[in-house]
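Each chain, letter by letter, is given below.
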Amino acid sequence: MDLTLAELAKGLNAELRGGDAHARIGGVAALHSATSSDLSFMLGQRMHYQALQRTRAGAVLIDKEWADKCPAPALIVGNPHAAFARAIALLYPDPPVETGIHSSAVVHPEAEIAASAHIGPFAYVGPGSRIGEDVVIGPGCVVEAGAWVGDHSRLIARVFIGADCAVGKRCVIQPGAVIGADGFGLAKEDGKWIKVPQIGRVIVGDDVEIGANTTIDRGAIEDTRIENGVKLDNQIQVAHNVHIGENTAIAGCVGIAGSAVIGRDCTIGGGVGIAGHLAIADNVHVTGMSLIASDIKEPGAYSSSLPAQSMRQWQKNMARLRHLDDMARKMKRLESEIVALKKELSKQAKEIER
Amino acid sequence: MDLTLAELAKGLNAELRGGDAHARIGGVAALHSATSSDLSFMLGQRMHYQALQRTRAGAVLIDKEWADKCPAPALIVGNPHAAFARAIALLYPDPPVETGIHSSAVVHPEAEIAASAHIGPFAYVGPGSRIGEDVVIGPGCVVEAGAWVGDHSRLIARVFIGADCAVGKRCVIQPGAVIGADGFGLAKEDGKWIKVPQIGRVIVGDDVEIGANTTIDRGAIEDTRIENGVKLDNQIQVAHNVHIGENTAIAGCVGIAGSAVIGRDCTIGGGVGIAGHLAIADNVHVTGMSLIASDIKEPGAYSSSLPAQSMRQWQKNMARLRHLDDMARKMKRLESEIVALKKELSKQAKEIER
Amino acid sequence: MDLTLAELAKGLNAELRGGDAHARIGGVAALHSATSSDLSFMLGQRMHYQALQRTRAGAVLIDKEWADKCPAPALIVGNPHAAFARAIALLYPDPPVETGIHSSAVVHPEAEIAASAHIGPFAYVGPGSRIGEDVVIGPGCVVEAGAWVGDHSRLIARVFIGADCAVGKRCVIQPGAVIGADGFGLAKEDGKWIKVPQIGRVIVGDDVEIGANTTIDRGAIEDTRIENGVKLDNQIQVAHNVHIGENTAIAGCVGIAGSAVIGRDCTIGGGVGIAGHLAIADNVHVTGMSLIASDIKEPGAYSSSLPAQSMRQWQKNMARLRHLDDMARKMKRLESEIVALKKELSKQAKEIER
Numbered sequence: 001m002d003l004t005l006a007e008l009a010k011g012l013n014a015e016l017r018g019g020d021a022h023a024r025i026g027g028v029a030a031l032h033s034a035t036s037s038d039l040s041f042m043l044g045q046r047m048h049y050q051a052l053q054r055t056r057a058g059a060v061l062i063d064k065e066w067a068d069k070c071p072a073p074a075l076i077v078g079n080p081h082a083a084f085a086r087a088i089a090l091l092y093p094d095p096p097v098e099t100g101i102h103s104s105a106v107v108h109p110e111a112e113i114a115a116s117a118h119i120g121p122f123a124y125v126g127p128g129s130r131i132g133e134d135v136v137i138g139p140g141c142v143v144e145a146g147a148w149v150g151d152h153s154r155l156i157a158r159v160f161i162g163a164d165c166a167v168g169k170r171c172v173i174q175p176g177a178v179i180g181a182d183g184f185g186l187a188k189e190d191g192k193w194i195k196v197p198q199i200g201r202v203i204v205g206d207d208v209e210i211g212a213n214t215t216i217d218r219g220a221i222e223d224t225r226i227e228n229g230v231k232l233d234n235q236i237q238v239a240h241n242v243h244i245g246e247n248t249a250i251a252g253c254v255g256i257a258g259s260a261v262i263g264r265d266c267t268i269g270g271g272v273g274i275a276g277h278l279a280i281a282d283n284v285h286v287t288g289m290s291l292i293a294s295d296i297k298e299p300g301a302y303s304s305s306l307p308a309q310s311m312r313q314w315q316k317n318m319a320r321l322r323h324l325d326d327m328a329r330k331m332k333r334l335e336s337e338i339v340a341l342k343k344e345l346s347k348q349a350k351e352i353e354r
Numbered sequence: 001m002d003l004t005l006a007e008l009a010k011g012l013n014a015e016l017r018g019g020d021a022h023a024r025i026g027g028v029a030a031l032h033s034a035t036s037s038d039l040s041f042m043l044g045q046r047m048h049y050q051a052l053q054r055t056r057a058g059a060v061l062i063d064k065e066w067a068d069k070c071p072a073p074a075l076i077v078g079n080p081h082a083a084f085a086r087a088i089a090l091l092y093p094d095p096p097v098e099t100g101i102h103s104s105a106v107v108h109p110e111a112e113i114a115a116s117a118h119i120g121p122f123a124y125v126g127p128g129s130r131i132g133e134d135v136v137i138g139p140g141c142v143v144e145a146g147a148w149v150g151d152h153s154r155l156i157a158r159v160f161i162g163a164d165c166a167v168g169k170r171c172v173i174q175p176g177a178v179i180g181a182d183g184f185g186l187a188k189e190d191g192k193w194i195k196v197p198q199i200g201r202v203i204v205g206d207d208v209e210i211g212a213n214t215t216i217d218r219g220a221i222e223d224t225r226i227e228n229g230v231k232l233d234n235q236i237q238v239a240h241n242v243h244i245g246e247n248t249a250i251a252g253c254v255g256i257a258g259s260a261v262i263g264r265d266c267t268i269g270g271g272v273g274i275a276g277h278l279a280i281a282d283n284v285h286v287t288g289m290s291l292i293a294s295d296i297k298e299p300g301a302y303s304s305s306l307p308a309q310s311m312r313q314w315q316k317n318m319a320r321l322r323h324l325d326d327m328a329r330k331m332k333r334l335e336s337e338i339v340a341l342k343k344e345l346s347k348q349a350k351e352i353e354r
Numbered sequence: 001m002d003l004t005l006a007e008l009a010k011g012l013n014a015e016l017r018g019g020d021a022h023a024r025i026g027g028v029a030a031l032h033s034a035t036s037s038d039l040s041f042m043l044g045q046r047m048h049y050q051a052l053q054r055t056r057a058g059a060v061l062i063d064k065e066w067a068d069k070c071p072a073p074a075l076i077v078g079n080p081h082a083a084f085a086r087a088i089a090l091l092y093p094d095p096p097v098e099t100g101i102h103s104s105a106v107v108h109p110e111a112e113i114a115a116s117a118h119i120g121p122f123a124y125v126g127p128g129s130r131i132g133e134d135v136v137i138g139p140g141c142v143v144e145a146g147a148w149v150g151d152h153s154r155l156i157a158r159v160f161i162g163a164d165c166a167v168g169k170r171c172v173i174q175p176g177a178v179i180g181a182d183g184f185g186l187a188k189e190d191g192k193w194i195k196v197p198q199i200g201r202v203i204v205g206d207d208v209e210i211g212a213n214t215t216i217d218r219g220a221i222e223d224t225r226i227e228n229g230v231k232l233d234n235q236i237q238v239a240h241n242v243h244i245g246e247n248t249a250i251a252g253c254v255g256i257a258g259s260a261v262i263g264r265d266c267t268i269g270g271g272v273g274i275a276g277h278l279a280i281a282d283n284v285h286v287t288g289m290s291l292i293a294s295d296i297k298e299p300g301a302y303s304s305s306l307p308a309q310s311m312r313q314w315q316k317n318m319a320r321l322r323h324l325d326d327m328a329r330k331m332k333r334l335e336s337e338i339v340a341l342k343k344e345l346s347k348q349a350k351e352i353e354r
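Sequence lines, in order, name chains A, B and C.
Under the working numbering, residues 1 to 354 are what the first sequence spells out, in order.
Under the working numbering, residues 1 to 354 are what the second sequence spells out, in order.
Under the working numbering, residues 1 to 354 are what the third sequence spells out, in order.
It is worth saying that the hints were derived from the structure and are not from the lab.
None of the hints are false.
As the list makes no split between identical chains, a pair holds if one copy fits it or if it spans any two.
Taking lysine-lysine pairs in the DSBU-like style, the calculated list, with each CA pair at most 30 Å apart, reads:
1. 64 x 10
2. 169 x 195
3. 169 x 188
4. 188 x 64
5. 297 x 188
6. 10 x 69
7. 169 x 10
8. 330 x 342
9. 64 x 192
10. 347 x 330
11. 69 x 195
12. 169 x 192
13. 332 x 343
14. 297 x 192
15. 10 x 188
16. 64 x 195
17. 332 x 342
18. 350 x 332
19. 316 x 332
20. 188 x 69
Given the structure is predicted, the values throughout are model-derived calculations rather than measurements.
Next comes chain A alone, as it looks inside the complex (with noise of 0.2 Å):
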C-alpha cells in the first residue's frame, strides 16, 4: 500500500521534518538499501550513524536527538523501532481473511464459532470449543474439545491446541506448535514407567505469540501457564506446570523443565536449559545456551555460554578441565611449599645473622 508522507506522520503520530508531505512511501528497507520510495528507521546508535549519513531512503523515523543528521525527510518519533513495526502494518496490511467455515474443515455441531471468525481447510474443531471473533484458525489446525481462542487471536497453520486449553486475545501461533500435549509424567513400579495421566490445561494470556514447532505440555494436575505479553520463539519446549511471567521473551530452542517459574520481564537467550522445580526472579537476563540449575533471586545478567575456540586450542584447554580439581590440590600442595620454603629460609636467615 501507497502512504503519502503527511498519512504516514499522522499515522504514526510522528512529526514531518524536510521532505514533501505529498511524497509517496511503497515500502520499508534498511537504511543502506533504502530507494526513494522506501521508509526507513534509524535506532539512535553511533554505529548506524554512517548508514544514515549515506542513506536515500524516502522517510526516515528517528528520535529527536538524531533528526538534524538525517539527509533524507524526517519522521520524529520517541520510539523509532516501535514506529516502524507500526509503519510496516500500515505499509504492508495483512490480506484480507475470509469470514467463515471453509467447506472442507471439520466443525463439531457444539462448537461455538463467532460470526468474524475464520475457519481454514481442514482446520477440526471439537465439541464445546469456542472461537472467537475474528479469530483465524489455519489450515490444518486441531482445536480438540472444550479449547477456546481468544478474540483476533491466529493460529497460522497445523497449530494443535488440546482438550480445555485456552488461548487468550491477540495471539499469534505460528505452524506446528503444539499447545497441550500431555506432560512427561511418570511413576516406576516394578522397573517400568507407568504414565500419570495428565489432567491440567494449558492457559495462554493475551498478546502472546508462539514460535513454530514450539510446544507447551498440559499441567500434570494444574494448569501450565503462559502470561500476558510473553514472546515464545521457534522450538521451545515448555514442560509441564511451568509459569512464565508477564512480557517475558525467551529465544528459540529453549527446553524449560516441569515446574519452573520464570518471572517477569526476564530475556532467555537461544538454545538455554531451565532446570524443573526452580524459580527465576523479574528482570533475569540469560545469554545463550547456560542451563539454569538453580534458584536465581536476583534481577540481572547469567551466563554459562562457552564460546568455541580453534578446535586445536579448545581440546588442550578441555583435557586440562577434565582434571582442573587435580590441578587446584596441586595449587594448594604449591602453596604450602612455598610457606614451607619462606619459613626455612627466614630460619636460616636467622642462621647466618648469628
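We have chain A already, so just place chains B and C on it with the hints.
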C-alpha cells in the same frame, strides 16, 4: 467421575485407614491444595511431611511407614506414586472415542483397519497399512503405506508414521511427532553432497510414549529401534539406526546422533547431546545438557552440565578457561621452580652448618 | 528390484572384477550382514578391512586400491560411498506417485499446478502459488499464497511453505518442516513487546534437503536464504535473515540466530548454537554442541564441546571452574612469591659466601 473411598481402595488395591468408606472423591490435587473431595498422595519423603500435616485432602495415598502421620483418611499402598497414576485414570477416564472412520478421513482400500479402531478427521492411512484393535488415529495423522500400529495405541493428532514403520501396542504418540522420516545420509561426490536413500524402518516396541514434535528417523539400511517401555519426551531427535533399550526414559530436547546404542533403564536429562556410533551401558544416568561423546561402559551418573553464574563472575572464569592450558603449563613451571628452590635451600643449609 | 551384476556395473559406471555378470542382486546390506544376493560397499579405510575379508556379499562396491583384497565380486568405482547411494536408488526405486490432484486436496483456482505434479490428500495450495513438474506435495502440506515449489521437489507430508516463499528444484522437505513462519521480531514500547511484521521471504535453492520439524523463518525485511546443495537435518532452527552458503551440511538440533551468515562447504555438528549477526567463513567445521558467539574468519575446525565425565569427577572439576578466576589470581600470587623467594635465596647465598 465420583468414587467412594471403598471403591478407590478396591480399585487401587489399597487398605483404607480412617475416614468414611462411603465418602466420595471427585478429583485429585496436591497435598497443599486438596479439598475434602480430592484425593492426594504422599511421596514418602521428609520434605513433604509439612504439607501432609496441613492437608485437607479427602484421602491420601500413602505408604505404611507414613500412614500414622496422616491427618486425613489414608489409602495405604506400596507405591503411592504409581497408585496415584492409577487413581487419576479411574477418576478422569478418557472420554469415549467413537469407533470407526471419520467421514473426512482418507483410508486406502488396501489398508486393514480393525473394527474397534477410530480414524479421525483428515487422517490419511495408506495402502498395506494395518491399524490394530482400539487404536485411535487422531486428526491430521498420516500413516504411510505398509506401516503398522499395534492394538490400543493412540496417535493423538498430526502424527506422521513413515512407510513400513511399525508401532507396538499401547503406545501413545503426541502431536507433531514424526516417526520414519529419512535419516540424514549423505555421500560426498565432486565436492557436493548426494543423498543416500534411507531404506531401513523405525520399529517401536510396546508401551512406548513419544512426545510432541519428537522425530525418529528411519534406518539407513537396517532399522532404528525403540524397545518396549521407552519413554521419550517432546522435541527429541533420534537419528537413523539408533537403538534405545527397554524402559529408558529421555527428557525433552535431547539429540541422539546416528547409530548410537543406548542401554536399558537409562535416564537422559533434558537437552543432552549423544554423539553417533557409540554405546551407552544399561542403567546410565546423564544430567541435563551434558554431551556424551564416547562409549560409557559402566552404569552410573555422568555429567558435563555447566550451571550459570552471574554474568560478571562467569565471564572472568570463562576468560581463564580459554587459557587453561597455559595456566597448567605455568603451574608446571612453578612446580619445577619450587623443587629447584628447595634444593638450593638445602644446599645453603648444609653450607651454613659447615 | 533385481539387477544383474552387469546391469549394476553399467548403471554405476563400475568395472566388474570376478563373479558372474549374470548373477542377480536384490538388495543392499553392510559388509558384515550381506548375503549372496546383497550389494555392499567398502569405505576404503583400514578399519573396515576385517569386515571385508569376512563378507558374504554378492558384490562389493570398492575402490581400485582395495579391490584385490575383496573376497567377493568387486564393482570397482572411484567413490564407493557415492556409488552405493546410486545403487540403492537403482535397487529400491521410489514407488510411482500418481500424477494429479487428490480428490480431498484443496487447490485454489489461481494456483498453477504442473500436469505431472502430485497434490496429496488434505494438501492445501493457495492462490498465486506455482507447483513445478514432477513435484510431490504430500498429505497435509500447506503451500500458502504466492509460494513456489520447483520441478522435481518433494514435500513429504505436513510441510508448511509460507506465503511468497520459494523452494528450488530437486529439494526434499521432510514432514513437519516449517518454511516461512514469522521471524522473532520484537520492538519494546512502554515496557511491552510489540510485533515487528515480518515481510521478507525464505528463498531455498536447488538440491536442498530440509529435515523433519526443521523451521526456517522468513526475513524481517530482506530474505532468509538457503543456497544450492545445503543439507539440513531434523529440528534445526534457522532465524530470520540467516544466509547459509552452498553445500553446507548442518546436523540435527542446531539453532541459528537472526542474520547469521554461514559460509559454503561448512559442516556444523548436532546441537550447535550460532549467535546472531555474525559471519562464518567457508570451510568451517564445528563440533557438536559448541557455541559460535563471534565471527569465524579462518577455515578450520572449531569447538567448545564439553564431554561428560562420571558425575563425581565432573562435579569436582565444575566446582573448581566456578572459581577459576580466583585460582588464576592465586597462581599469580604464588608466582610473585617464588620470585621473591629466589631473590631472598640468592641474597643469602651471597651472604654465606662472604
